Amino acid sequence: DAGITQSPRHKVTETGTPVTLRCHQTENHRYMYWYRQDPGHGLRLIHYSYGVKDTDKGEVSDGYSVSRSKTEDFLLTLESATSSQTSVYFCAIRAQGQGETQYFGPGTRLLVL
Amino acid sequence: DQQVKQNSPSLSVQEGRISILNCDYTNSMFDYFLWYKKYPAEGPTFLISISSIKDKNEDGRFTVFLNKSAKHLSLHIVPSQPGDSAVYFCAARRETGNQFYFGTGTSLTVIP
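For the protein sequence lines, the chains are E and D, in the order given. Each step along the first sequence adds one to the number in this note's numbering, with nothing skipped, and position 3 is 3. Numbers given in this note's numbering equal positions in the second sequence, counted from 1, plus 1000.
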């Protein structure tokens, strides 16, 4: 258990509304990641962070923004949700010094109507 | 372009037999490889990893084999148990990179 929580765990929203997902970690890891999981696509990286206020894009970053104002929190925002953003979103941390393994949170299931 | 590929979407195995899950990659710069197991409605759980300096790593019933020349890795589960039924993802990373690249997953069903 890498001390990762995600909130909310489930959310239903309407097209065009803003949505923010939160990832919280308790172990002071430098690297945090947001992925989405969709059938036939596996896990795809949206954005990641390598420190407070330091973020970079992944392969599916369009339509998403992130912020990291504190080490423990990494926020993912959908500025104007679309149905194509219906997915399961996973946050992960990278445990440096332990083979650089990633550990995942429990996920947020988002439905955009 | 998918840099890590799992070409078998599903696999069924009898309880007690060996399960072999395969993964191929295209980027020769990858030097660290991982396997994750995922149950429905849960996050992926780290299973086992291997560095490119090795060709085998074993942890209990789980063994990962790496063939760098073929850009191929496999996960062996012996003996398979019904609780092993899950989706398995392989992933890869470059030593100097921050990103992990995942395959599309293989759904393993172990039949009692």
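Honestly, the hints are just simulated from the structure, not real lab data. A couple of the hints might just be wrong.
Said to hold, decoys possible - With a straight-line cut-off of 27 Å between C-alpha atoms, the simulated DSS-like cross-links for lysine-lysine are: (1) 1037(D) to 1068(D); (2) 1037(D) to 1005(D); (3) 1056(D) to 1005(D); (4) 57(E) to 11(E); (5) 70(E) to 11(E); (6) 57(E) to 1056(D); (7) 57(E) to 1054(D); (8) 1054(D) to 1068(D); (9) 1005(D) to 11(E).
Unchecked claim - A few chain D positions that, by computed beta-carbon distances, are all more than 10 Å from chain E: (10) 1010; (11) 1020; (12) 1068; (13) 1074; (14) 1085; (15) 1103; (16) 1109.
Nothing here was measured: the structure is a model prediction, and the numbers come from that model. Virtual Cβ for every residue (Gly too), placed ideally from N, Cα, C.
Evaluated hints:
1. For a cut-off of 27 Å, the pair hint linking residue 1037(D) to residue 1068(D) stands: about 23 Å separates their Cα positions.
2. Under the criterion of a C-alpha separation no larger than 27 Å, the hint pairing residue 1037(D) with residue 1005(D) is consistent with the structure, at around 16 Å.
3. Distance hint between residue 1056(D) and residue 1005(D) is fulfilled; the C-alpha atoms sit about 20 Å from each other, no more than 27 Å.
4. Distance hint between residue 57(E) and residue 11(E) is fulfilled; the C-alpha atoms sit about 24 Å from each other, no more than 27 Å.
5. As the CA atoms of residue 70(E) and residue 11(E) are separated by approximately 24 Å, the hinted pair is consistent with the 27 Å bound.
6. With a C-alpha separation of about 33 Å, the suggested pair residue 57(E) and residue 1056(D) falls outside the 27 Å cut-off, and the hint is violated.
7. Of the supplied pair hints, the one linking residue 57(E) and residue 1054(D) is violated, its CA atoms being roughly 31 Å apart against a limit of 27 Å.
8. Taking the CA atoms of residue 1054(D) and residue 1068(D), the gap is near 10 Å; set against the 27 Å cutoff, the hint holds.
9. A hinted pair counts as satisfied when its Cα atoms are at most 27 Å apart, and residue 1005(D) with residue 11(E) does not qualify at roughly 31 Å.
10. Every beta carbon of chain E lies more than 10 Å from that of residue 1010(D), the smallest distance being close to 12 Å; the non-interface claim holds.
11. Distance check on residue 1020(D): its Cβ is at least 19 Å (rounded) from any Cβ of chain E, clearing the 10 Å threshold; non-interface status holds.
12. Every Cβ of chain E is farther than 10 Å from the Cβ of residue 1068(D); the closest lies at roughly 18 Å, confirming the non-interface assignment.
13. The Cβ of residue 1074(D) lies farther than 10 Å from every Cβ of chain E, with a closest approach of about 17 Å, so its non-interface assignment holds.
14. Listed as outside the interface, residue 1085(D) is consistent with that label: its C-beta sits roughly 18 Å from the nearest C-beta of chain E, beyond the 10 Å cut-off.
15. Residue 1103(D), annotated as away from the interface, has a beta carbon of chain E within 10 Å; the closest lies near 6 Å.
16. A cut-off of 10 Å between C-beta atoms confirms that residue 1109(D) is not in contact with chain E; the least separation is 17 Å.
Going through the hint list in order, the structure does not satisfy hints 6, 7, 9, 15.
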